[in-house]
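There are 2 protein chains.
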Amino acid sequence: MSSTTPGPQETATFSMPTPHPDLLHLARSVRRSQRILGSLDGARRSEALRRLAALLETRSERILAANARDLEAAAASNLEKPLLKRLSLDRATLATLRDGALQLAAQPDPLGETIRHTLLDDGLTLRQVRSPLGVLLVIFESRPDVVVQIASLALRAGDGVILKGGSEAQASNRVLVACLRDALASEGLPTDAVALVEGRKAVAELLTMDESIDLVIPRGSGHLVRAIQSSTRIPVLGHADGICHLYLDTGADPAMASRLAVDGKCDYPAACNATETLLVHVGFLPHLPPVAKALVDAGVRLRACQASRSVLEAAGFESQPAADDDWRAEYGDLTLAIRVVDGLDEAVDHIHGYGSAHTEAIVTQNEEVAQAFLRRIDSASVFWNASTRFADGYRYGLGAEVGIATGRIHARGPVGVEGLLTTRWLLAGEGHAAADYGDGLRSFRHRPLPLSETRDSGYQRRETPMPMVTGSRST
Amino acid sequence: MSSTTPGPQETATFSMPTPHPDLLHLARSVRRSQRILGSLDGARRSEALRRLAALLETRSERILAANARDLEAAAASNLEKPLLKRLSLDRATLATLRDGALQLAAQPDPLGETIRHTLLDDGLTLRQVRSPLGVLLVIFESRPDVVVQIASLALRAGDGVILKGGSEAQASNRVLVACLRDALASEGLPTDAVALVEGRKAVAELLTMDESIDLVIPRGSGHLVRAIQSSTRIPVLGHADGICHLYLDTGADPAMASRLAVDGKCDYPAACNATETLLVHVGFLPHLPPVAKALVDAGVRLRACQASRSVLEAAGFESQPAADDDWRAEYGDLTLAIRVVDGLDEAVDHIHGYGSAHTEAIVTQNEEVAQAFLRRIDSASVFWNASTRFADGYRYGLGAEVGIATGRIHARGPVGVEGLLTTRWLLAGEGHAAADYGDGLRSFRHRPLPLSETRDSGYQRRETPMPMVTGSRST
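Residue numbers (the working numbering), protein chains in the order written: chain X, 462 to 936; chain G, 462 to 936.
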C-alpha cells in the first residue's frame, strides 16, 4: 500500500521509521472498521463467511489465473523452490479454503460468550465476555492461502486484519483480498476491516504502530519471525524455532521408540514439530541399534554424542560427531542429533537449556517417569508415547490454526480462533455507587451465576424491576 | 542487587544497556527455581503461604521497625506526600497481607487444572492444563505491601518473581523478602524463586532480559508505566492511564445520574477508575443543573464544553472552559470535564478517540441504548447504571489483584491469579505416529471429554491397557 518498492536486501532487524501518513490512515481505518464489525450481530459475520466461500467458487478461474501470473514471474526470477511450492494455488487448495470458511460460518459466534458470571450484590451483575482482540497484522511470504485462512478466522472473531504479503504473491493476494472485501460489502459490513499492504518498506513502519495494531502474526521462516520479534513492541504470536526432542527413557518399549523416532523425524522433516534431537537414557543404550537401523533405513543421517557414537559404531552404524551447535539445530531435513543422558533430570535440563519450548515427547512404559516428564517440561506441548508431529491445531481439534506460539503470554501451542479473542467485563447495576461499600452500608456477595444465556452479544436481560439502591450517601 | 546507586534523574525511557553478569545470573537462577517450584505439589506451595502468614505475624515488630527507618529517612529527604503515605506499613496492613496469604493457601491449586480435554483417537488423549506463566518482574515505588501481595499470588501460580523496589522502601522490602524466602526454605522449596533487586540502574538492564523474564508488572505512576512500556519488548501488564467516562443518556434517571457522577469522581479521585469526563446527551441537558449541584456540593470543579457551559451558567454554576487537552486528562483530583454529545454515536467516538480503554459507564433507563453501549465500547470494563469505581479485582470477586490491564493481549481489566498463568498441552498416546493419519489409515475422532480429574498436576491416568496401534507404516 504505502510503497511497492521492495527494500534493498534482507536485514536481521527492521529499523524504526516514522510511518507514512497513508499507512497510519489505513491502520486507523482498519481499527474503526473492526470496531463496527466486532459490535455487529454474529449472524452477519457468518453470512459474510458463506459469501466468501461462494466467491472462492465463482471466481476460481480468476484466482488461478492470477496465481499463474505470480508463478510465472517467480519462475523467471528464480525464486527458491520451497517458496515456489508454497506460492502455488490449485483447485484442491481453494476447496479446502472454502470448506474452512463454511465450517467457521457454521460455528457458534464466540463474541459475547460469557466465561465468568458473578452476582456482586443484589441487582449488580458482572459478566466477563469474549470480545474481538482488535487489529491483527499478518506478515507472510508466498502462501496466498494464508490470506483467506487467517482473514476467515479474523472475521469469525470480529477482528480487523492488515495483510502484508510478499511481492512474489502480489496478483494472487490482490484477487483473494478482493473476494474478502466484496464478501464484507455484500453483507453491509465495513470493507476496510481487511486491508492488503504491499512493499517491504511498509513492514518496518507497521511494526512501530502499536497504537493501531494489537498482535503481529508472522507466517514464514524463523529468520523472518526473529527479525520481527526484535523490531517491535507489539506482541508477536508464533515461533522462531521448533527444536523438538524425543526422550527414550530406560523404560521405553523398543519398537515404539523406533516407530516414534522415525515418525517424528521423517513424516515431514521441514515442519516445526519434527523431532530434531533424540535424547537416550543410558539404560536404553542396548536398544539403540535397532532404533538407529529404522532411522537409517528411512534415510536419516545421525549426528551423535560420544557415548552414543560408540554404541552405534559397535553395531555398524555410521554417524557424525555432534557438537554443541547440534543441540540448538533445527535441521529441517533428514538429519537427527542423538545424545545420551543419565536420567530424567539431565533430559529435562538439556531440553530447557537447548530447546525452543515448542514440543517434547517421552517414550516410556513407566507411568511415574512419564508423569514427572509431563509435569516438569516447560514447553507448549508435552507428549507421552506419541510423535512430536501431533503438535498442530488441526490434529488438536481446534479447527483452523493461526500458528503455533512458543511464548507464554496470551496463547501457547497451536492457536485457533481463541487466540484472536480477548475479553471485556460488563457490569449492570441499578445505580450502585462504590462509596456505599466502603462505608460498610453494603457488602459484596460474590455469588457465581450460571453461564447460561451466554450468546447475546452484550449483557444479560434484567430479571427484576429497577428499584434505586437504598442507603446511598452520595445523593 | 546489581547496584544500589540511584540514577542521576528520571527519564522518559530507559536505555537498552547490556545486563550486568550478576543480574543475568540472578534472573537465570529465578527461572531455574521457578521451574522447580511450578512442578512441585500444590500442597507444598499452600504450606509455604501459611508459613509466610505466620512469619508476618511473628516478625511484625521487625517489619514495622524496618518500615519506621524507611519512613524516617524518607521524611528527612522530603519524599512527596503521596509516596510517603504509600510507604507506610501498620498492623492493619500486615493483617490484610496475612489474610491474603491464608486465603490463597486455602484456594484450590490452579496448576494442572484441565481447561480442555479431547479424545483425538482411541488411546490418544489431549489435555490443555493451566501452568505457571514463568518469571515476573515487578517494578514498584514505595508500597512495600506490594512485595507480599504479588509474591503471594506468584507462589500460588508457581511463578518466580523478581522484585525491583525503590530505595525509599529498602529496609521494609528487605525484611519482607526475607519472610518470603524463609517461608519457601521452610517447606524445602527453592528460595531463589523470589529475588529482590535494588538500584535504578538495574531496571533498564532487567527490561532487556526477555529470555529470562516473561511479564513485567509495574506498580506506580502512569509516568513509570509509560517509561517501562516504551523501553522493553517484554509484555507489560498494567495501564498508564485511567481516563474513565460516565455517559448520561437522554434516558438517564436524573437522581441516579447525580449519584453516579458524584461517586465516580469523589469516592477516591486519585484512583485509576475515577470518572474523569462526563459525557452528556443533549437531551439530558435540562437535567444537568441538579447533577452539577451535587458535584459542586461535593467540592468538584467543572471544566465544560461551550454547550454545557451555557446551561451551567444559566443555572448559576461556575465552570472553566474545557480545551482538547481536558478530554485526555486524568485529573486525579476533584476536577471533572463535561462535554455535550448529540447521541450514542458521538459518545462512542469520543470515548474511543480520547479514552484509555480502562472503564466507561452509561446511565440510562433505556435498555436498547444500554445494550448498544455495552456492545460497542471497546474498553476493558463497560458498565450500565453503576459507578466506574467498581472496576477493581476485589470488587469483581477475583480475590487479590495484580493490577488492571488496559491492553488486549493475555489479560484485560482487573487481573487476579489467572493473569499469572499460562497453559500447556499434554498428549498421552500408545505409540501413535502422525504418518498413519496422513495415509488415511486412521482418522481423528476429536471427541470432547469431561474436564473431571482436573486437579492432578500432569496428565490423566490411562483407563485402558496399552496395545500397540496397528496399521503402522513406520516400524
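None of these hints come from the bench; they were simulated from the model. Keep in mind that a hint or two might mislead.
Given that identical chains are not distinguished, each listed pair holds provided it fits within a single copy or across any two copies.
Each computed SDA-like pair below joins lysine to any residue, with the alpha-carbon atoms no more than 25 Å apart [stated by the list, open to error]:
1. K754 with L540
2. K546 with P782
3. K542 with D810
4. K754 with A896
5. K546 with R770
6. K542 with G899
7. K546 with Q631
8. K542 with E508
9. K662 with S691
10. K546 with A896
For each hint, the structure was consulted:
Proximity of K754 and L540 under a CA criterion of 25 Å is satisfied in neither setting, with 37 Å inside one chain copy and 73 Å between copies. In this assembly of identical chains, the alpha carbons of K546 and P782 never lie at most 25 Å apart, being 34 Å within a copy and 64 Å across copies at closest. In this assembly of identical chains, the alpha carbons of K542 and D810 never lie at most 25 Å apart, being 37 Å within a copy and 49 Å across copies at closest. Within a single copy, K754 and A896 get their C-alpha atoms only as close as 75 Å, which misses the 25 Å cut-off; across copies the closest is 19 Å, which meets it.
Proximity of K546 to R770 under the C-alpha cut-off of 25 Å is found in neither arrangement, the shortest distances being 37 Å within a copy and 67 Å between copies. Taking the closest pair of Cα atoms, K542 and G899 come within 25 Å of each other only across two copies (23 Å); inside a single copy the shortest separation is 68 Å, beyond that limit. For the homomeric pair K546 and Q631, the shortest alpha-carbon distance inside one copy (15 Å) is at most 25 Å, but the shortest distance between copies (61 Å) is not. In this assembly of identical chains, K542 and E508 lie within 25 Å of each other by CA distance neither inside one copy nor across copies; the values are 38 Å within and 59 Å between.
Both within a single protomer and between protomers do K662 and S691 lie at most 25 Å apart by alpha-carbon distance, with minima of 16 Å and 22 Å respectively. For a Cα distance limit of 25 Å, the shortest separation of K546 from A896 across copies, 21 Å, qualifies, whereas the shortest one inside one copy, 65 Å, does not.
Checked against the numbered hints above, the structure violates hints 1, 2, 3, 5 and 8; every other hint is satisfied.
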